[in-house]
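> If you want the building blocks of each chain, they are given just below.
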Amino acid sequence: MLEFIAKRLLWGVFVLLGVTLVTFFLMYVVPGDPVLNMIGQRADQETIERLRKEFNLDKPWYTQYFLYMGKILKGDLGRSYMTKQEVSEAIKEFFPNTVKLALFSMVIATLLGVIVGVVSATNQYSIWDNLAISFTLIGVSTPVFVVGLILIYVFAMKLHWLPPSGIGDGSLRYLILPAITLGTRAAAYIARMTRSSMLEVVRQDYIRTARSKGLSERIVIYKHALKNALIPIVTIIGLDLGSYLVGSVLTESIFGWPGIGRYMMQAITMRDFPVIQGMVLFTAMIFVLANLVVDITYGFIDPRIRYDKSD
Amino acid sequence: MKVQLQKETDKKTNHTVDFKASLWYDVWKRLKKNRLAVIGMINVIILSMVAIFAPYLAPYNPYEGDLKHDYLKPPSREHPFGTDLVARDVLSRVIYGTRISLMVGILARSVSLLIGITLGAIAGYYGGIIDNIIMRLADVMFAFPSLLLAIAISVAMGEPNLYTTFLALGIVGWAGMARLVRGQVLSIREHEYIQAARALGVPDFRIIFRHILPNTLAPIIVSATIGIAGAIMGEATLSFLGLGIQPPNPSWGSMMSIGRDYLRSAPWLTIYPGIAIAITVFSFNLLGDGLRDALDPRLKD
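Those protein sequence lines, which keep their order, are chains V and L. Under the numbering used here, the first residue of the first sequence is numbered 1, with each subsequent residue one higher. Under the numbering used here, the first residue of the second sequence is numbered 312, with each subsequent residue one higher.
Simulated from the structure, these hints should not be mistaken for laboratory data. Ideal Cβ placement from N, Cα and C applies to all residues, glycine included. Check the hints yourself; a few may be wrong.
Claimed, not checked - What follows is a list of derived Cβ distance ranges for each label pair: (1) Ile353/L with Leu67/V: 53 to 59 Å; (2) Leu497/L with Tyr206/V: 30 to 36 Å; (3) Asn472/L with Gly70/V: 32 to 38 Å; (4) Gly439/L with Asp33/V: 55 to 61 Å; (5) Leu2/V with Phe516/L: 42 to 48 Å; (6) Lys223/V with Arg509/L: 51 to 57 Å; (7) Leu67/V with Met414/L: 38 to 44 Å; (8) Gln45/V with Leu425/L: 28 to 34 Å; (9) Asn472/L with Ile133/V: 23 to 29 Å; (10) Arg575/L with Val29/V: 48 to 54 Å; (11) Ser333/L with Asn123/V: 36 to 42 Å; (12) Gln45/V with Glu389/L: 58 to 64 Å; (13) Ala6/V with Ser576/L: 56 to 62 Å; (14) Gly238/V with Asp572/L: 44 to 50 Å.
Work the whole structure out from these sequences, hints included.
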């Protein structure tokens, strides 16, 4: 087990290194002079030279990369061209809101997805099953921003049930629409996964044993089948973290939710490159770490994995 | 009846021999039985027709406003989807949007296919250090949520346009394709007919493209179809964020991004392009799922 964890951790470090290389090069190749991007076209030559030295832009790329790495290791993700605010400061300010939204929508997505999946699997080929399959197909096919705008139109503008945007006083009312928007795709995936996982599990011998013992159908499904069907579902929930992070860029900017997604969107609109770079890196890091945690937890839940993944 | 006539029972082995039983005939038969897949296929054909014949189908010019009418007019008989801010017919723009959407979807996927198949085949065929380098690169690509990477690439490419859009989406998709192709090549490489070809001195390039890749076509087709759905969704998202197709080009995503500010007063600006995106992505997903079931019946549930 220890060897497995060590291998995974080492692997994670390697991938994170690769990630920093990619984010470094993406911004390295941005067209235009970074100094001019920063201070505008009308700067005098002397200032340009000074800033170029200050930001080490006069050094070769590998030196720049090592300096960049050094900063990252110290927790410095860069500084905005526009507001001069540190990216890490902004993350501290906005990230809690994103986490709040993501967690809430994860709960909604998981509940909805598992319920739809179980209903669909236990009533295979019925009308409920067909409805559930349609729901998952539509959920997977509709982009986050389409879902969001339709929800705003119906529930905020037509029915006036919920506020269309903002975080307001932080109450639940403001959280519901963005959370549903962010969770729809994940709910569809979870429902799909639950359905196929359940269908596989209910064919197993131990389910037949449970039934022949005379246990009620409810106990067989929820205690025996669902519990075993959960392993792949847990993975899907963990691996889907990326969709929450990306989805938050769209969801937060549509709903004016003050999280890192909206912060990043503002940076994209203003072409604030250091912020974009810092945020892409931050998001990718979280994504890698989450996958790592899922991987290792998985090794605990299901010992077979430890050996399968040794290559 | 026709199928019956083509079948003849082989007396000796007592097997039914289907003379037209090529892989693709089988696939077609299975695909036809899957109602959802047929719906998806018909939709995809209709959408392609709409894209090709857009100039004949669109009632108005999608780029110029109809000055006889008001701007922001709600749907009416003359303008079934209403008109936009500069009195352009929304229906015509949605019809032309099909072109952009399908074109970017297919081009982006072609880029992924080209890079993914080449690198995947090389990695799988040669193995060793080349394999290691390529696949570790793919792993790093997987470390990014794909749309986030597409956003970053398209920002890095400067002024967004059609080319940056499909390139960004295409570059993001190669890693998945490379993994798929590599796995396939690895399993086929060891077959005897490949060893025979190698013994005959057939060049590697020819072995890969003539003998190995044709046998990996099925999963590639499935992945390409489902990938088109993803790329269309990606185009819509990038354009919605202002990083894809730019106005005045009628991309569904950018139409929604403008319409969004008028959601209360002119919801038709947003809702019709939104439905168009959902239907298109939905259709490609249905077709892709159907193809997967038809090409590999073992995977079905």
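> Taking the Cβ atom of Arg575/L and the Cβ atom of Val29/V, is their distance within the range 48 to 54 Å?
Taking Cβ atoms as reference, Arg575/L and Val29/V lie about 41 Å apart, which means the hint is violated.
> Between Asn472/L and Ile133/V, is the Cβ distance one that fits in 23 to 29 Å?
Given a distance of about 38 Å, which is not inside 23 to 29 Å, the answer is violated.
> If I claimed the Cβ atoms of Ser333/L and Asn123/V lie 36 to 42 Å apart, would that claim hold in this structure?
Roughly 38 Å apart at Cβ, these two residues keep to the hinted range, so it holds.
> Quick check on a hinted range of 44 to 50 Å for Gly238/V and Asp572/L, using CB atoms only.
37 Å Cβ-Cβ, so the 44 to 50 Å window is violated.
> Just tell me: holds or violated, for the beta carbon distance of Leu2/V and Phe516/L against 42 to 48 Å?
holds, 45 Å
> Would you say the C-beta atoms of Leu67/V and Met414/L sit inside 38 to 44 Å of each other?
Holds, since Leu67/V and Met414/L (Cβ atoms, about 42 Å apart) stay within the stated range.
> Should the hint that Gln45/V and Leu425/L are 28 to 34 Å apart at their CB atoms be regarded as holding?
violated, 44 Å
> Do Gln45/V and Glu389/L keep their Cβ atoms within the hinted range of 58 to 64 Å?
holds, 60 Å
> Do the beta carbons of Lys223/V and Arg509/L sit within 51 to 57 Å of each other?
With Cβ atoms ~56 Å apart, the hint holds.
> If I claimed the Cβ atoms of Ile353/L and Leu67/V lie 53 to 59 Å apart, would that claim hold in this structure?
holds, 57 Å
> Indicate whether the distance between the beta carbons of Gly439/L and Asp33/V respects the range 55 to 61 Å.
violated, 42 Å
> Is it true that the C-beta distance of Asn472/L to Gly70/V lies inside 32 to 38 Å, as the hint says?
holds, 36 Å
When each numbered hint is compared with the structure, violations occur for hints 4, 8, 9, 10 and 14.
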